[in-house]
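Line by line, the protein sequences are chains A and B. Using the working numbering, the first residue of the first sequence is number 2, and each one after it goes up by one. Using the working numbering, the first residue of the second sequence is number 21, and each one after it goes up by one.
The hints are simulated quantities; they were obtained by calculation from the structure and are not laboratory data. A few of these clues could be false.
Said to hold, decoys possible - Taking lysine-lysine pairs in the BS3-like style, the calculated list, with each CA pair at most 30 Å apart, reads:
1) K119(A) x K9(A)
2) K55(B) x K149(B)
3) K155(A) x K124(A)
4) K303(A) x K124(A)
5) K225(A) x K368(B)
6) K124(A) x K226(A)
7) K38(A) x K146(A)
8) K225(A) x K155(A)
9) K119(A) x K116(B)
10) K226(A) x K368(B)
11) K124(A) x K55(B)
12) K378(B) x K226(A)
13) K149(B) x K212(B)
14) K38(A) x K296(A)
15) K180(B) x K149(B)
16) K209(B) x K180(B)
17) K331(B) x K368(B)
18) K378(B) x K331(B)
19) K225(A) x K38(A)
20) K225(A) x K296(A)
21) K38(A) x K226(A)
22) K124(A) x K212(B)
23) K225(A) x K149(B)
24) K38(A) x K155(A)
25) K217(B) x K205(B)
26) K378(B) x K146(A)
27) K116(B) x K38(A)
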Amino acid sequence: MFIVRNRKFFYSFSALLVVASIVVLSLWGLSPGIDFKGGSIIEVEYVERPTVEAVNTALSGLPLGSYSVRETGDSGYIIRTDELSPEIHGVVMTALSDNGKVSLTEKRFNSIGPVLGKEAIEKSWMSISLVLLAIILFITFAFRKVSRPVSSWKYGLIAIVALGHDVLIPTGVFAVLGHYAGFEIDTLFVTALLVVLGFSIHDTIVVFDRVRENLRRNTEYHEKKQFDTIVGESINQTFVRSINTSLTTLIAIAVLYTFGPEATRHFSLTLLIGIIAGTYSSIFIGSPLLVTWQKWQDKRNK
Amino acid sequence: MFKKRISALILLILAGSIAYFSYNRTDETSRFPYKLGLDLSGGTHLVYEADTSELPEAEIAGAMASLSEVVERRVNIFGVSEPLVQIEEGGTVGNKEHRLIVELPGVTDIQEAVNLIGKTPTLEFRLVKSGVDTMSEEQKKNSTYDDIFAPAELTGRYLKHAQLEFNQTTFEPYVAIQFNDEGAKLFGKITKENVGKIVAIFLDGEPISTPVVQQEITSGNAQITGDFTVEEARTLVRDLNFGALPLPITLMSTQTIGASLGQGALDASLYAGLWAFIIVGLFLVLWYRIPGLISVIALVIYTAINLALFKLIPVTLTSAGIAGFILSIGMAVDANILIFERMKEELKRGMELPEAIKEGFHRAWLSIRDSNSSSIITAVILYYFASTPIVKGFALVFLLGVLSSMFSAITASRTLLLAVGARGEGKISKFLFNSGFLN
Chain A
2 MFIVRNRKFF
12 YSFSALLVVA
22 SIVVLSLWGL
32 SPGIDFKGGS
42 IIEVEYVERP
52 TVEAVNTALS
62 GLPLGSYSVR
72 ETGDSGYIIR
82 TDELSPEIHG
92 VVMTALSDNG
102 KVSLTEKRFN
112 SIGPVLGKEA
122 IEKSWMSISL
132 VLLAIILFIT
142 FAFRKVSRPV
152 SSWKYGLIAI
162 VALGHDVLIP
172 TGVFAVLGHY
182 AGFEIDTLFV
192 TALLVVLGFS
202 IHDTIVVFDR
212 VRENLRRNTE
222 YHEKKQFDTI
232 VGESINQTFV
242 RSINTSLTTL
252 IAIAVLYTFG
262 PEATRHFSLT
272 LLIGIIAGTY
282 SSIFIGSPLL
292 VTWQKWQDKR
302 NK
Chain B
21 MFKKRISALI
31 LLILAGSIAY
41 FSYNRTDETS
51 RFPYKLGLDL
61 SGGTHLVYEA
71 DTSELPEAEI
81 AGAMASLSEV
91 VERRVNIFGV
101 SEPLVQIEEG
111 GTVGNKEHRL
121 IVELPGVTDI
131 QEAVNLIGKT
141 PTLEFRLVKS
151 GVDTMSEEQK
161 KNSTYDDIFA
171 PAELTGRYLK
181 HAQLEFNQTT
191 FEPYVAIQFN
201 DEGAKLFGKI
211 TKENVGKIVA
221 IFLDGEPIST
231 PVVQQEITSG
241 NAQITGDFTV
251 EEARTLVRDL
261 NFGALPLPIT
271 LMSTQTIGAS
281 LGQGALDASL
291 YAGLWAFIIV
301 GLFLVLWYRI
311 PGLISVIALV
321 IYTAINLALF
331 KLIPVTLTSA
341 GIAGFILSIG
351 MAVDANILIF
361 ERMKEELKRG
371 MELPEAIKEG
381 FHRAWLSIRD
391 SNSSSIITAV
401 ILYYFASTPI
411 VKGFALVFLL
421 GVLSSMFSAI
431 TASRTLLLAV
441 GARGEGKISK
451 FLFNSGFLN
């Protein structure tokens with residue numbers, strides 16, 4: 002009951018984070034990676050790393066368009082450029098090794114044309130919209146028998162509000178990280194967001210499911226409990242479960258973040274933030290919103 | 021009770037054999053090896069766009085098939101194990117594009133790969149234009165090939181076969197070519213009309229040989245003698261025999277991962293997976309005691325089933341895919357937790373253990389079904405709209421994980437839990453089946 006009673010406090014906490022996210026997003030936006038805007042990334046590792054200036058000198062004069070050089074690890078550089086053809090790539094490698102005088106290994110080279118980038122953006126939007134649509138339909142279907150005192154489509158809508166919260170917060174964090182640490186968003190970032198959507202809805206459904214069951218019990222046994230009491234009890238009953246599931250998932254992701262490969266580090270960070278937000282929203286936002294809506298309905302009907 | 025224990029035993033034996041099957045991991049000779057993606061094994065991934073604008077809709081599929089065949093033959097020269105050449109339809113709605121995906125495990129020299137795949141040797145025969153004879157040396161110097169030579173209709177398209185041969189006396193290599201019937205007729209006509217004149221042989225727009233025709237040649241055989249090294253002649257033979265690509269292609273994207281980075285990513289992924297499993301397992305045992313232990317066993321079964329599926333399907337494992345699997349380990353426990361929490365509640369209400377177990381499973385099922393459905397929906401949509409192989413790999417592993425977790429959590433843990441068969445009404449067995457530290 003504690004949660005339902007103090008729901009306004011929890012709402013404000015979330016609202017604060019969401020507003021902050023929206024503000025940083027509109028201020029700085031997100032910086033798209035080459036997945037989305039096209040371009041090339043070269044990662045090289047030197048035995049003895051030359052200075053950034055030396056690398057810049059080596060690269061100046063090559064037809065690279067705009068490029069950036071950033072240190073990575075103990076002895077490597079990541080070089081981002083416009084899309085490179087295999088020939089120019091060969092020229093760049095020769096320049097980086099100072100005509101073979103400096104020994105280096107090329108760890109990876111990615112080059113993505115603008116057409117593929119544009120397509121990746123479209124596909125990302127498409128999958129985000131489809132996932133959202135499918136989730137609303139699914140919840141409306143799963144909760145079709147629950148209509149009193151809050152009709153089933155409202156469960157769906159509230160779940161979507163909670164989802165917006167869960168996705169906005171990690172996106173906001175990435176806007177900040179993008180601004181200060183040069184983090185870029187790629188197709189894996191979008192994937193992580195969709196997983197967060199799936200996970201968070203999963204969590205919200207468990208609580209809603211308990212509300213559904215307790216409502217049924219309430220009618221069957223003529224217990225005549227208030228709606229907010231029922232929701233409060235449902236949250237309490239599922240609380241340990243929600244925390245524990247999120248905990249095991251968070252353990253797995255935290256381990257992945259710490260020990261896992263570089264390639265999935267941003268991915269696991271997105272998941273980590275998103276799932277924390279998702280767990281929070283399914284306990285402190287989703288179900289209390291049911292109560293808020295029902296109270297508002299009552300007031301209007303009077 | 022006896023029956024329950026037998027079925028639990030069968031389950032364990034089954035799980036054991038699946039686990040054994042999955043364990044055998046890097047054996048090359050194994051009939052079902054794990055398939056590693058390029059980001060783990062190292063190699064090159066190329067995406068080409070085929071220009072089909074000149075073709076009528078009905079012929080595109082056939083042209084793409086023969087394109088992929090030609091590219092496959094070229095790629096095989098690399099001698100890498102399991103190169104992949106695959107046709108893919110891409111593009112956005114209403115704007116269909118035809119693509120060719122080429123994967124070369126272990127190859128990191130992109131330029132060489134791209135040259136080999138995209139090379140379209142154009143062989144053509146040209147005749148000296150009339151009026152060239154009267155040009156001064158100065159004029160000849162300033163003119164282009166096109167000013168001097170006119171195409172003679174005969175091109176590499178009429179080629180039947182090319183092979184490397186050596187001059188009997190000088191031992192210099194030359195390329196012997198054989199025209200097809202149509203080509204032989206053309207060649208016969210050209211040589212007949214140009215006895216005593218130059219018929220130049222152009223390769224990729226450059227003259228490589230300018231022999232003077234001695235007599236009419238009707239056999240359809242010709243020789244290309246240039247200043248070839250054996251290696252050059254061999255390359256030319258190879259290129260001529262492979263023929264031109266049936267469709268023009270342009271490179272859209274390249275991705276190369278060095279072998280060391282791939283191996284590092286693989287090690288890190290496996291290490292992370294192992295630790296995720298251990299820590300999640302510890303948490304389960306500490307918090308849920310006996311049921312926790314059982315869910316750890318269920319998790320082992322879950323892992324074994326998934327690994328076996330990776331081998332059987334086979335799933336190409338990428339770092340994102342393994343991340344998806346690690347994520348699913350964390351999530352697979354969810355169904356167990358739902359059930360155990362439910363069981364605990366029923367115990368609190370005063371139910372006896374066996375009933376509480378049954379009730380726990382029964383009641384938790386609805387929310388397990390509903391909540392997993394949303395993950396399944398997400399995974400399926402991700403899979404179909406994946407814009408990169410990385411995302412696709414993740415979605416597939418994640419989907420398999422969610423599906424098999426429903427099986428392992430419900431069937432496996434239920435069978436085992438019932439087999440452990442708490443008859444106990446004593447405090448100890450209730451403690452063992454309870455959870456947390458507060459009650």
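Practice item. Could you work out which earlier hints the structure fails to respect and list their numbers in ascending sequence? Key: Numbers 1, 2, 4, 6, 7, 14, 17, 18, 19, 21, 22, 23 and 24 - these are the hints that the structure violates, sorted from lowest upward.
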